[in-house]
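Asker: Residue numbers (the working numbering), protein chains in the order written: chain P, 16 to 397; chain R, 16 to 397; chain A, 16 to 397; chain G, 16 to 397.
Worth flagging that the hints you see were computed from the coordinates, not collected in a lab.
Quantities reported herein were computed from a predicted structural model and do not represent experimental measurements.
Worth double-checking, as some hints may not be accurate.
[Unchecked claim] For lysine-lysine, the following DSBU-like pairs were computed, each having C-alpha atoms within a straight-line distance of at most 30 Å: (1) Lys183(P) to Lys183(G); (2) Lys308(A) to Lys365(A); (3) Lys308(A) to Lys85(G); (4) Lys85(P) to Lys308(G); (5) Lys308(P) to Lys365(P).
Number of protein chains: 4
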Amino acid sequence: MAKLSPLGLLKSRAFRLLQYLALAAGLVAVPLITLPDLDVPARVLLNIVLWCCLAVFACELAGKTWLRSKSVQSESHYLRSSEGVIDLLAVLPVPLALLIGIPASTAWLLASLWILKLAILVPGLSMLGRVIHHEARALASGFIIFLIILVLASVALYLLERAGQPDKFGSLPLALWWAVTTLTSTGYGDAIPATLAGRIIASIVMIGGLGVFGLWTGILATGFAAEYRRRDFIRNWDLVTSVPFLKNLDPPAVIELTRMLRRVDLAENTVVVRRGRPGDCMYFIASGEVEVKVEPHPVRLGAGAFFGEIALLTGAPRTATVTTTAATTLLMLEVTDFRAFTAHHPELAKAVEAEAAARRNRSGAPKSHARGPRLVENSEKD
Amino acid sequence: MAKLSPLGLLKSRAFRLLQYLALAAGLVAVPLITLPDLDVPARVLLNIVLWCCLAVFACELAGKTWLRSKSVQSESHYLRSSEGVIDLLAVLPVPLALLIGIPASTAWLLASLWILKLAILVPGLSMLGRVIHHEARALASGFIIFLIILVLASVALYLLERAGQPDKFGSLPLALWWAVTTLTSTGYGDAIPATLAGRIIASIVMIGGLGVFGLWTGILATGFAAEYRRRDFIRNWDLVTSVPFLKNLDPPAVIELTRMLRRVDLAENTVVVRRGRPGDCMYFIASGEVEVKVEPHPVRLGAGAFFGEIALLTGAPRTATVTTTAATTLLMLEVTDFRAFTAHHPELAKAVEAEAAARRNRSGAPKSHARGPRLVENSEKD
Amino acid sequence: MAKLSPLGLLKSRAFRLLQYLALAAGLVAVPLITLPDLDVPARVLLNIVLWCCLAVFACELAGKTWLRSKSVQSESHYLRSSEGVIDLLAVLPVPLALLIGIPASTAWLLASLWILKLAILVPGLSMLGRVIHHEARALASGFIIFLIILVLASVALYLLERAGQPDKFGSLPLALWWAVTTLTSTGYGDAIPATLAGRIIASIVMIGGLGVFGLWTGILATGFAAEYRRRDFIRNWDLVTSVPFLKNLDPPAVIELTRMLRRVDLAENTVVVRRGRPGDCMYFIASGEVEVKVEPHPVRLGAGAFFGEIALLTGAPRTATVTTTAATTLLMLEVTDFRAFTAHHPELAKAVEAEAAARRNRSGAPKSHARGPRLVENSEKD
Amino acid sequence: MAKLSPLGLLKSRAFRLLQYLALAAGLVAVPLITLPDLDVPARVLLNIVLWCCLAVFACELAGKTWLRSKSVQSESHYLRSSEGVIDLLAVLPVPLALLIGIPASTAWLLASLWILKLAILVPGLSMLGRVIHHEARALASGFIIFLIILVLASVALYLLERAGQPDKFGSLPLALWWAVTTLTSTGYGDAIPATLAGRIIASIVMIGGLGVFGLWTGILATGFAAEYRRRDFIRNWDLVTSVPFLKNLDPPAVIELTRMLRRVDLAENTVVVRRGRPGDCMYFIASGEVEVKVEPHPVRLGAGAFFGEIALLTGAPRTATVTTTAATTLLMLEVTDFRAFTAHHPELAKAVEAEAAARRNRSGAPKSHARGPRLVENSEKD
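Use the sequences and the hints to build the structure in full.
Answerer: As structure tokens, then:
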């Protein structure tokens with residue numbers, strides 16, 4: 016039914032919504048269909064839902080493959096990228112399983128692979144992969160400590176408890192199962208040491224489990240902090256150099272500022288600052304447009320402009336409400352960083368003050384002091 | 016009974032205490048009233064307590080609404096602020112539920128919403144919100160990994176265990192329940208895999224749970240550290256610039272000092288330093304007043320003064336006890352930071368030494384050396 | 016039996032050992048005496064042990080009180096210090112309990128307060144207290160989130176499960192008990208939600224529990240890192256300024272070096288570096304004495320000297336074994352920090368090289384190059 | 016069968032593989048042999064596997080001992096090193112146990128000590144040991160808090176619950192067992208307090224457990240971050256100074272760069288960068304060789320050269336695929352760090368640009384601008 020313009024369809028908002036809907040519906044329907052006491056109508060309904068979801072994903076896969084094959088400059092093949100593999104895993108396994116004769120109730124379990132599609136939707140996952148990659152050695156060390164405690168503890172418990180509880184600790188694999196549930200602090204309670212020595216060793220295992228856990232956490236926290244700083248820097252660098260006002264600073268200052276700014280992506284018609292609220296940051300517009308609601312008539316600011324600086328310079332509350340008129344990317348500079356930065360680079364503070372004063376004059380406000388603390392935060396930039 | 020001056024009443028210490036008391040009493044009474052074997056007098060008593068608490072919260076709501084409506088300059092409506100919503104949720108639900116015919120024992124459960132009032136009392140909660148907001152993407156990545164492990168593990172366990180334990184793993188929702196309790200390391204022990212393959216997968220899930228947990232912790236630790244630094248800086252900046260002695264430093268030095276100082280809020284009649292104790296910090300008075308208990312007659316120091324510097328300069332123990340005479344805000348500079356700061360900015364050390372010497376002369380102490388190591392820590396500032 | 020010289024006795028090594036022994040014996044005996052099936056001889060023996068421990072602690076308390084009362088310059092009373100209170104709690108409760116007629120088996124449980132003596136032995140505990148004190152607000156925020164989840168979840172579970180499991184969720188206190196065991200991921204498994212809605216809410220509670228846990232960990236990690244830096248700085252500062260070689264550096268360099276050095280306390284006759292091992296740090300002697308085992312005859316180095324620098328300058332393995340001849344405090348400078356420091360402060364590297372060369376000449380080694388890579392690491396300092 | 020050339024055999028890849036295989040087979044066979052319902056053929060097979068593993072480890076031990084005894088310059092004895100002790104523990108215990116008459120099923124449990132061999136394979140474990148060593152005092156403080164909560168909580172629960180549940184809380188050791196499982200959040204559920212007071216104390220213990228856990232995690236995270244930085248610095252320093260291009264920078268710049276570079280070890284025939292992919296880092300070759308697949312004929316770059324700089328200078332995607340032709344160690348400089356470094360040290364950027372331009376000219380590319388954005392990333396270095 017959508018053979019005419021697959022390109023437009025695939026990129027349309029409606030199809031995106033349909034994808035999300037199919038994913039949500041599918042991930043709810045898969046568990047429900049396994050309920051043993053379903054009546055026939057419900058089972059039929061769930062099957063329809065699942066087939067529809069599969070159809071949506073198949074359309075998506077076909078569309079993406081067709082689009083990518085058309086774009087000549089892309090050299091890497093879509094179906095060999097991680098996204099392509101996940102899309103294939105979403106579409107092929109269920110029909111294949113049905114074809115080779117696996118009963119439907121089992122075959123549809125393969126639809127649980129749809130959960131992998133979440134990994135495409137969230138961009139942060141690749142960052143996580145980098146952290147785990149960089150810290151692989153340290154994490155492996157922690158895992159080996161885990162294994163050593165596990166094996167030695169389960170041998171000890173097997174020796175101590177096999178006589179008293181042969182059904183729980185009668186072989187080393189059973190003792191290993193106990194050790195895993197204990198060392199991860201899961202504690203099912205299906206196997207519990209009964210001898211004094213066994214309980215003392217179990218206590219050491221539990222405390223050791225906390226230690227291993229703490230180790231992993233520490234390693235991941237350290238790695239994550241480093242990776243986060245790095246990613247923010249890359250994302251901000253291009254934005255900073257796209258603001259004429261900022262890119263004229265000398266290079267070390269640009270580096271410093273890039274580390275301080277925080278990117279904010281806003282949809283259309285979002286309120287950025289609200290009049291009368293306390294203000295603790297100013298904004299540079301990297302792309303998009305905002306409207307400043309000032310008294311005579313509202314003014315619009317485009318990419319490269321800044322606003323919200325009065326709250327930083329005077330400590331007064333916000334003097335005007337600012338809303339976005341299009342999807343806008345802002346760079347937020349917090350008061351902490353503004354003060355720290357301008358202490359070492361007073362030229363930014365001067366430039367901000369000069370531009371703010373110039374704008375006030377141009378917008379015809381006779382004397383900002385005469386109007387008391389309610390200054391116009393920003394005027395039109397032309 | 017307090018219709019005459021709601022303003023005074025609301026701001027009074029007694030009403031604050033009453034609020035805390037009502038909150039504590041209410042949060043104890045709500046669980047107690049659900050006990051099935053209560054006798055009639057106890058039930059009556061608890062009902063009276065609950066109605067009293069409700070009355071206190073209603074008075075608070077009415078008073079705050081009335082006060083805010085009077086103050087013209089406030090533009091944002093109180094009842095639409097988060098504080099107002101919480102106050103409304105504390106007062107309205109129970110009467111409304113009783114009105115529409117819900118039995119009292121169930122209606123009073125809505126009084127558990129009073130716990131939300133704790134969120135108003137503690138200011139740090141907004142900071143937490145900021146951390147979660149800033150780290151939302153990273154936390155979402157961690158959550159998606161959690162979901163992927165959850166779904167794949169429960170499908171595997173459902174396939175492996177449904178034959179042997181149909182009551183525990185007989186459907187995917189049951190297997191998902193097992194996976195959640197295992198992946199969060201809760202480990203109720205109501206559903207336990209019995210097959211070897213099931214137990215191996217369960218072990219991987221447990222270890223993966225520790226990893227996801229470590230991930231969240233690492234993200235939150237990183238975000239919290241950044242937010243904490245930022246908030247302290249903002250709080251300290253205004254205090255530092257209110258101390259004449261400090262604000263004359265050059266801007267980079269003020270920034271550095273702002274990062275080092277720690278704000279200390281003290282009530283009236285609190286001992287700040289005690290004579291004879293080792294001293295590892297000095298204090299600047301941002302607001303309030305302290306009394307230095309020196310021999311001839313105690314002296315008082317007001318906002319802008321400093322004390323405790325002798326312990327830093329000489330390493331001797333505290334030479335006098337200092338107590339606050341009013342609610343006082345101090346800025347504490349630890350010996351670590353004092354030394355690090357004065358190494359780069361010797362002018363502060365010199366100024367502190369000069370002022371300390373000047374004070375000794377003015378207060379008539381003939382020669383501080385003659386009195387041995389027991390120097391007066393601070394003298395009157397005029 | 017030790018009336019003659021309590022001072023000598025209290026400070027003696029033997030009495031210290033006796034204290035540790037009494038603490039260990041007491042903490043083992045207290046649990047054992049509660050075993051219900053003890054025979055009479057064992058009970059008598061344990062009673063003797065406990066009374067002996069109590070006698071040791073009483074002697075310690077009496078001795079310390081007497082010593083402190085003699086030392087006039089100490090103004091703070093021993094029995095009001097935290098150490099004194101712990102010592103009192105170790106001695107008084109058991110006899111008092113026996114006097115007022117509590118049966119011996121219960122009275123001796125008060126001897127479990129002896130565990131508090133561990134807090135005196137380990138100095139790091141006060142640091143922990145500082146961290147918790149500084150982060151109190153943030154930790155309280157985390158605790159309030161914990162409480163809000165706890166109360167709302169238990170109300171929901173009470174409503175959902177009270178019909179099906181009146182013995183597990185039949186009142187709000189029972190539901191709160193379930194919520195605590197679940198939110199802390201303890202998971203006893205005594206109360207388990209059975210309805211679908213209850214299990215979904217329980218899953219949210221479990222995941223929320225991980226979040227709260229991560230929050231606390233993040234706050235404590237941040238606070239601990241700051242406090243650790245601060246304490247090390249204070250401990251190292253006095254040591255650095257006691258080494259003549261280091262204290263002549265300009266103040267910013269001293270600050271930097273203080274942050275880099277790590278204090279090492281060693282007992283008599285401990286091997287510090289071993290010949291032939293790779294070396295990645297050098298040492299400054301803050302106090303004590305070491306012996307360098309060089310060929311003609313070993314030389315001794317006292318406070319203010321340094322050794323181990325050749326491994327840093329040349330990358331060769333350790334050229335001589337160095338052992339302490341008395342209790343010694345060393346300041347360790349790792350190769351990382353040595354290189355980073357000397358990059359900005361080349362004077363230290365030059366001074367180290369000059370002194371090393373001078374020593375070689377003085378100790379009569381004709382040409383260090385002639386002897387190949389086995390240089391004497393340090394020679395006598397006079 | 017390998018008496019002829021033990022040296023070659025021990026260092027050969029085949030023997031390494033055999034070792035890994037023996038370790039894996041042994042660690043699987045040890046648990047299996049304890050299964051009570053094994054039939055005779057399986058038991059015989061497992062015994063053969065275990066004896067083979069033991070033989071491999073014995074050969075390894077003999078070979079290493081013989082090799083080390085030959086190398087005169089090594090002064091430390093192999094069998095007294097930690098590696099030697101682990102190798103001995105892998106070989107001796109089982110035969111010794113069989114000799115003194117322990118039944119085979121028990122004696123083979125000692126083969127679980129083979130797990131310790133994992134600690135040799137992973138180099139990161141020594142770093143972990145350093146962290147724990149450095150943070151020993153802080154971790155001990157956390158452990159003492161753990162012990163104090165443990166003892167006081169179990170005394171309280173013993174008093175409160177012994178009347179109601181004498182089989183669960185009838186003695187202090189039983190109560191201690193409950194406290195350990197609860198404080199570590201394991202929660203077996205075998206002993207559960209039933210009184211109100213007992214449950215309130217249990218709740219405090221559970222929350223305290225989270226706190227202690229957070230404390231340990233915080234300490235380990237802090238220590239790990241410091242140790243990690245230190246180790247990377249040492250590993251990178253020698254590599255940086257082996258690249259002629261980098262070691263001519265002034266010392267503070269070398270220090271800074273050493274902190275930024277990340278070491279990457281690659282096997283032969285590994286793709287380093289792929290044409291058309293976005294590039295966010297450049298590489299310096301510390302050792303080994305890479306081949307740049309450029310159009311006329313591929314060029315090779317050896318130790319001291321760099322590549323991948325065009326993506327950093329222009330932001331264009333990778334212009335050529337680069338693969339290693341031998342085992343290669345690279346130093347990766349990320350775009351973040353490249354920009355931060357060249358902002359303060361513009362000489363590196365200039366040198367990189369100059370060398371890149373020179374190479375293009377030498378390799379005969381007439382004008383790189385003429386060919387559009389597809390520049391050769393690197394040309395031959397002679």
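Asker: Now tell me if each hint is right for this structure.
Answerer: Cross-check of the supplied hints:
1. For the given pair, lysine 183(P) sits about 20 Å from lysine 183(G) by alpha-carbon distance, which is consistent with the 30 Å threshold.
2. Taken as a hint, the lysine 308(A) and lysine 365(A) pair is honoured in the structure, with Cα atoms around 25 Å apart against an allowance of 30 Å.
3. Only pairs whose Cα atoms come within 30 Å are accepted, and lysine 308(A) paired with lysine 85(G) is accepted, the gap being roughly 26 Å.
4. The suggested pairing of lysine 85(P) with lysine 308(G) holds, with an alpha-carbon distance near 26 Å, which does not exceed 30 Å.
5. Restraint check for lysine 308(P) and lysine 365(P): the C-alpha separation of about 25 Å stays at or below 30 Å, so the hint holds.
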